[in-house]
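In order, the protein sequences belong to chains A and B.
Number 21 in my numbering belongs to position 21 of the first sequence; there are no gaps in the numbering.
Number 1209 in my numbering belongs to position 209 of the second sequence; there are no gaps in the numbering.
The reader is advised that the hints may include incorrect statements.
As the list claims (entries may be wrong) - Here are the simulated DSBU-like cross-link-like pairs (lysine-lysine), alpha carbons at most 30 Å apart as the crow flies:
1. B:K1005 to A:K70
2. B:K1132 to A:K4
3. B:K1132 to A:K5
4. A:K4 to B:K1218
5. B:K1132 to A:K218
6. A:K132 to B:K1005
7. A:K132 to B:K1029
8. B:K1029 to B:K1070
9. B:K1029 to A:K4
10. A:K132 to B:K1070
To be verified - Some, not all, of what chain B presents toward chain A, calculated at C-beta under 7 Å:
11. G1107
12. S1125
13. T1162
14. S1178
15. S1182
16. G1198
17. D1201
Hint data in this document are derived by calculation from the structure and do not stem from the laboratory.
These numbers come from a predicted model, not from an experiment.
All C-beta atoms in this analysis are idealised placements derived from N, C-alpha and C, irrespective of residue type, glycine included.
2 protein chains.
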Amino acid sequence: MQNKKIGWRTSRFLGAPVIIGSAAVGGKKEGDGPLRDDFDILNEDSFFGEQTWEKAESAMQKLALDAAIKNAALAPSGVEYVFAGDLLNQCIGSTFGLRDAEIPFFGVYGACSTMAETIALACVSIDGGFAKNAVALTSSHYCSAERQFRFPLEYGGQRTPTSQWTATGAGAVVLSESGDASLPRVTHFTSGKIVDAGVKDANNMGAAMAPAAYDTLKAHFDDTGRAPSYYDLILTGDLGSLGSEILLDFFARDGVAIENHNDCGLMLYDREGQDVHAGGSGCGCSAGVLCGHILNAMRAGTLRRVLFAATGAMLSTTSSQQGESIPSISYAVAIETGV
Amino acid sequence: MQNKKIGWRTSRFLGAPVIIGSAAVGGKKEGDGPLRDDFDILNEDSFFGEQTWEKAESAMQKLALDAAIKNAALAPSGVEYVFAGDLLNQCIGSTFGLRDAEIPFFGVYGACSTMAETIALACVSIDGGFAKNAVALTSSHYCSAERQFRFPLEYGGQRTPTSQWTATGAGAVVLSESGDASLPRVTHFTSGKIVDAGVKDANNMGAAMAPAAYDTLKAHFDDTGRAPSYYDLILTGDLGSLGSEILLDFFARDGVAIENHNDCGLMLYDREGQDVHAGGSGCGCSAGVLCGHILNAMRAGTLRRVLFAATGAMLSTTSSQQGESIPSISYAVAIETGV
């Protein structure tokens, strides 16, 4: 078997799986934001026609899956695996969302890094010869996350300045072993390693996750020999404003100035006008930004090389109540056109 | 890329990854059961030296990982990925257990099917050319599961006759692209599909999961052309007594008599003497039975061909409280010696 690893953490996809379709789903707040025109589906109803917010999240996953498959001009029966996960306990956003899909399913848990983790695994399955087409899918919902991780919404608690706003959204990417030469392709992935810098403030996820993003991005640059400037965009998700500053500071200490960084949590909302404090977060934030705005720009040719490094904070309410710090992880995938 | 799929649901591993090491960890009740001699580590202390049951579960994952890597005669730096998950909210058994491991990590959520799901994904990564060595790992803990999913332990609630006992245990398998010819190898996997037959009783997981086990096993036999009798053992985990009956009944209706079935939930405990009602359950049940008893028997030559089909119930307390039924899934891996 040919070894595709080009370093301890990074592998090259020899077949460079093609993104033949994608779809982004959002709620009202996402539709009020600067990326509104890039969503495939926006719904003013935070329940998405369902009776509960958890069921609404499942409905969003189904909408994103169906729209992405349609955009890829595939039938559902043409998809061999769906890799999906979400933030809800036991990942019920995914399991109930995909219950009727009749597509083989791999459940994944990567917290807010899920969009990159599922893309990496879907590409491993395709490039490894186990599938022609596979889907990567995730979601989050402000209301289901808020009441699970923080407080009942009715309580109306104050939010700290470092807190981020969990996006209501879902995103799906359809990956294929072949496709039109103009489409974006996934060329590399860099695996995630759990990094815990000792941050205990569950209202400061950006600070908790920045060391993991640094660890993975540094591994990517080291393994590939690429400078950060190789990419048009180094896109983290979702460090928010504070986490992004910390990340750039880590690289600055290494003497590396990164000029081409942005963060999904800083892109999805108008931070001042929409009162989201340090920015957006949640699996649906990086998924919505990638599957809508970024992939649209890549298909339009305004972006050619994107390094997408989603980050996840692997805590639970129980771990925080027991005084634990926040282990974090980041997976990175290189998405390129014209390769 | 050579297509390794031999049917809609089943792939063949051309390199048949070798199980070069495994380890099973259990608690007091598991050490009182009939498989006591097959565990690598048994601990009378349900806290495993930690302050909480959740931290104890993480400690078990670390013990299982370290012991399996040692049994495989590898250094931790020789493992390229760990695929791991568990039942705790946000999979903190895995993320905290692996926090200091310095091994790239893929978080997986498959409920009690996790042992088979992680083996399948680890083999996909190896057989696809992305790793030489990878670990599949999972755990459960009676006390952390009971208080998360059911009642505080101090409440001392009565258990229904169909309920199963969540095992306190962890299991790890080290898979490699090569190894001694006498060792067990993973030759095939059959993907899981979410199946929901409408069962709503969260105290009857066996009934909820049996349709998923049937769906995956049937797909495996159809795709491979193998009769059930090809295997020395068809091992589900964990349907318990009622779920096992239902599974065999489904096959009987197809005119297929399965004589060589057993279930990890029926093997781990002395059902009568240890008061576990319908049997054992939890990720740690199938992991403990496979990584100890079964792989020991395969290494000793008393079992040669095992089809391991772990099953998971993809519910949460929230989904049950909202009146939902229980979506389930089963992943199957064929483990063989002398191939």
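Structure-based check of all given hints:
1. For the hint pairing K1005 of chain B with K70 of chain A, the CA-to-CA distance comes to about 24 Å; that is within 30 Å, so the pair holds.
2. For the hint linking K1132 of chain B to K4 of chain A, the alpha-carbon distance of about 10 Å falls within 30 Å, and the restraint holds.
3. At most 30 Å may separate the alpha-carbon atoms for a hinted pair to count; K1132 of chain B and K5 of chain A meet this at roughly 10 Å.
4. Taking the CA atoms of K4 of chain A and K1218 of chain B, the gap is near 34 Å; set against the 30 Å cutoff, the hint is violated.
5. For the suggested pair K1132 of chain B and K218 of chain A, the alpha carbons sit about 23 Å apart, so the restraint of at most 30 Å is met.
6. Straight-line distance between C-alpha atoms of K132 of chain A and K1005 of chain B comes to about 10 Å, which keeps the hinted pair within the 30 Å bound.
7. A threshold of 30 Å between alpha carbons decides the hint, and for K132 of chain A with K1029 of chain B the separation of about 46 Å lies outside it, so the pair is violated.
8. For the hint linking K1029 of chain B to K1070 of chain B, the alpha-carbon distance of about 25 Å falls within 30 Å, and the restraint holds.
9. Straight-line distance between C-alpha atoms of K1029 of chain B and K4 of chain A comes to about 44 Å, which puts the hinted pair past the 30 Å bound.
10. Between the alpha carbons of K132 of chain A and K1070 of chain B the distance comes to roughly 37 Å, so the proposed pair goes past 30 Å and is violated.
11. Because the closest C-beta pair between G1107 of chain B and chain A is about 4 Å apart, less than 7 Å, the hint holds.
12. For S1125 of chain B, the shortest C-beta to C-beta distance to chain A is roughly 6 Å, which falls under 7 Å, so the interface hint holds.
13. Hint status for T1162 of chain B: violated, given a least beta-carbon distance of 20 Å to chain A, over 7 Å.
14. Evaluation of the S1178 of chain B hint against chain A yields a violated restraint, the C-beta minimum of about 10 Å exceeding 7 Å.
15. The interface hint given for S1182 of chain B is broken, as the beta carbon of that residue sits about 21 Å from the closest beta carbon of chain A, more than 7 Å.
16. Hint status for G1198 of chain B: violated, given a least beta-carbon distance of 11 Å to chain A, over 7 Å.
17. Hint on D1201 of chain B is violated. Least Cβ distance to chain A is approximately 17 Å, over the 7 Å limit.
Hint violations for this structure: numbers 4, 7, 9, 10, 13, 14, 15, 16, 17, all remaining hints satisfied.
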